[in-house]
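Chains F and P, in that order, are what the protein sequence lines are. Using the working numbering, you'd call the opening residue of the first sequence number 49 and step up by one each time. Using the working numbering, you'd call the opening residue of the second sequence number 14 and step up by one each time.
Worth flagging that the hints you see were computed from the coordinates, not collected in a lab. The C-beta atom is built at its ideal place from N, Cα and C for all residues, glycine as well. Incorrect hints may have been included.
As the list claims (entries may be wrong) - Computed beta-carbon distance windows for the label pairs:
id, chain 1, residue 1, chain 2, residue 2, range
1, F, Asp-137, P, Leu-65, 34 to 44 Å
2, P, Thr-94, F, Glu-113, 57 to 67 Å
3, F, Arg-85, P, Arg-62, 25 to 35 Å
4, F, Asp-137, P, Arg-62, 23 to 33 Å
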Amino acid sequence: MNDNREVVQGTLDLLVLSTLRPGAMHGWGISRRIRERSGEVVLVTTGSLYPALHRLESRRLIRAEWRTSDNNRRARFYTLTARGERALDVELAWWNRFVVGVAGVIAPA
Amino acid sequence: MINKLRSGIRSLFTRSDVERDLEDEIRDHLDRDIDDRVQHGVAPREARRQALADFGGVDNVRERLRDEHGISIFEDLARDTRFAMRRLGRNPRYAMLIVLTIGLGIGAATAVFSAVDGVLFKPLALENPDAIVTLWQTKLAQNIDRDDFPPATWLELRERTHSFTHVAAANPYGVSFSEGSSTEHAEAWLLSEDYLPMLGVKPHLGRSLEPRDFLTGAAPVLLLDYGFWQRRFGGDVSVVGRHLRIDETSTEVIGVMPRGFELPEATAMWRPWVLDDSQRQDRFSSYIRVIARLAPGVTLAQAQSELNGTAAALEREQPRSNTDVGFSVIGLEEFLVGARRPLLFTLLGAAGVLLIVALTNVAALHLTRLTRQRHETALRAMLGARGAQLARPLVVEAALLASFGGLTGLSLGWIGVRVLHSLGPADLPRLSDITLDWRAGLVAGALAVAAAFVLALLPLWRLANLSSSARTIAGHRHATRGRRAVVGAQIALGLVLLIGTSLLARSFVAVMSADRGYRTDHVLSFTVWVYDEYPDGAKRLQFVQRVLDRLIAAPGVQSAAMGSALPMADAITGEAADVVPPGSAGLPGEERSVRGTVVWPTYFETLGMRVLSGREFTVTDDGRAAPAVIINQAFVRRYFEGKDPVGRTVSVGLMGRSIERLVVGVVGDTRHSRLDADPEPAVFIPWAQQPLASLTFIARTSVEPGTLGPTVSRILYEIDPRVGVARTASLESLLDSRVRERRFLLVLLAAFSASAVLIGAVGVFGVMSQAAAERGREIAVRMALGAAPRTILGEFFAEAGWMTAAGLIMGLAVALVATRVLTRFLFEVAPFDPLSVAAAIGIVVALALFAAFLPGWRAAKTNPARVLQDS
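Full structure from sequences and hints, please.
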């Protein structure tokens, strides 16, 4: 696990929002999903995940509520709001341009 | 096992209400992580270690989450508040003392501010009130500076002057107001057409007077006063449109004026004034109150100089009426409240002194306590608390104490305003307007903030010196000296207030016990006006005789009399009499004015006035007999210089031409309008020789005079339902209203000085207790070595004595200057009356020594063995 990296600055919100697109999920689930889907390359530390979640919540891009999860435990579930969906679209468009741009820069001429 | 781990993790968190959500979420995350690892075969203990490690520091995350939510500042504040509350809770007496002291200071200041603000500073509820002025006639040769106008002169002013946009007039025209089976007299003013429009006052209810109400033959209408409407109609809005019986005429109520509208003075109603021709030409009867609005850009001085020119012109054209008559202009606001300024500013000063005493005492108490807490603060500093961490709880504590103090102050201020309402002089303008409004709240708030600064800056200053001086003996001495100086200053200020109070108290006693020359107990009086009901003297005489007969026949009445005026009654009923001194040629301008009263023969006896020589009037002193006059001692002193006046003649004119009258008797002096002024010269004329229509009846009673009011109303109604009864009052209550201002000032100053002196005593007590605590060991050692308790107690008295003596000297110096402001309120007492000063010093010394005695006694009773064992 040595070649995994802290999330690139500015992309954490994008990762969290897109992870929530399929449906509601709690914090631990989000961090696990990001790790698994990135093939253990992208690691989101709890120290940045939870502040990000709360920041997104305060911007009303996601909504949080306490629900009972599997095995009867209460957890704080996060859901994408309509506003969050729009923000995600904007972020995704920006990300695609960004990737193309970076690729253009680093591609051998 | 896992549960145990969970509870272990749970114990990592202190559960606070604010953070519960965050904590739960973090814990949930950790639980899931541990479960996950355990399911993957990691040993529970190791799983927990890994989970915590991966989490990256629970505290760290929590801090960042708290930052994200911005709760940390409030959290800190909440923690500091809890801490401060706990500290104060440990010493509730101290907290109470500080809160009460601040509260007293702020309460007094707030209440007095409300009064000063309401009376002096709030603008009058008029359109551009600064331009409204009052106009007066002056007759300086007769020492009259504010006389009313005859109607013709008012009309001349309105025609000739250009300094004013309007010159409006009001005519006092009391009415009888009948309701059911009683008729009462009500104060009323007739207003000129432009009066209300000029002021820009809109009625509270209904409509104002309109031009159509001033047309000859218009339906009679009236506007009600707000207070009268509340008292007589219970604030019933349906009264507008109703018809009242006013002077036997059905008159429609068209509106109610706004609360606090009291122009030209407090009254019951206003009606339109339609001048008739005789009024238009009347240059001699001065009864019109004139008010005007300055034209834009015109100053008072310019208006005055134009009036001077007009007066000179009128003097040339109308020498008969206007010789020596001048005009003056006084701003309305100045006219209304000018005379009250000294009273209010004296109160404001006294409240300010109390506030200073309160705040310095709070500072002294606080310093004492801080000294005691030196150890705690030092300990916390050693344990690594940083400067801000040390300071913050102290600041929060200060803020808490100050807020509670401010709230207490507001409550006390609220009570204080009630007291002002019930005690205030009835003629204090706008007294009913005084409320504890947002401005007073602002003052209380500002003072609380000031208190918080005092409380907070002191410990911070101490904190800054913590490492150096405070621990050394020199530093300690320094602090002690500072406290003593503060206590000395408090004693000084307390003494100043106390001296003022005892001066006023002595004056009050002197006024109340001054020989007034007539009795005030068990005397009832009331007034009727019968100009229209009984125009001729013979019928009037019959009316008076019938009223007197019925009064004497009434149960509880011992004797009855009548006169045109009463000692202490309002100016309206007192008349100025022109006197040509004996032996004088009676040149114009040499007339002198004295107080003149026409009286029924039983007048002197009923009022208990002494006849010193000659005789009283009898029923034979009537229109057919030779004109007679009775004079008082002051008159004898001024005009007869030691000669026996009885049998001589003096020329007296009362509301008419002067005629020669034979002096038949001399009566004792009486104090009239001002109880605290020297008696004025006065003449008394038999009513039968000059039957004036303004009749004030007096009844001496064997019962409480106030209980006879209904009887009087019934008797008068039965004799003549047209006649309204006015001003039914006992002489006691009239006397009471005369001394109201004096008592008002006395009571408030007494309350302030009592508070200040008590606070000062608490200060002495605090400092001495502190000394006792600090010297506990030293005293114990000395007593173990044989020092007598008496010696120890003596030392405490000596120390308190020095503080008190220093305070007394300072206080006397200040009082020497400060009591001068009271001069105008003093009566038969010198501004630095030795007895008053001695009494004040006695009270201060007694209280200070008592405050020193308690801690000294405790110290002297110490058991040396126990103290030494403890340390």
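Structure-based check of all given hints:
1. Asp-137(F) <-> Leu-65(P): 34 to 44 Å: Holds, at about 38 Å.
2. Thr-94(P) <-> Glu-113(F): 57 to 67 Å: violated, 31 Å
3. Arg-85(F) <-> Arg-62(P): 25 to 35 Å: At roughly 27 Å between Cβ atoms, Arg-62(P) and Arg-85(F) fall inside 25 to 35 Å, so the hint holds.
4. Asp-137(F) <-> Arg-62(P): 23 to 33 Å: violated, 42 Å
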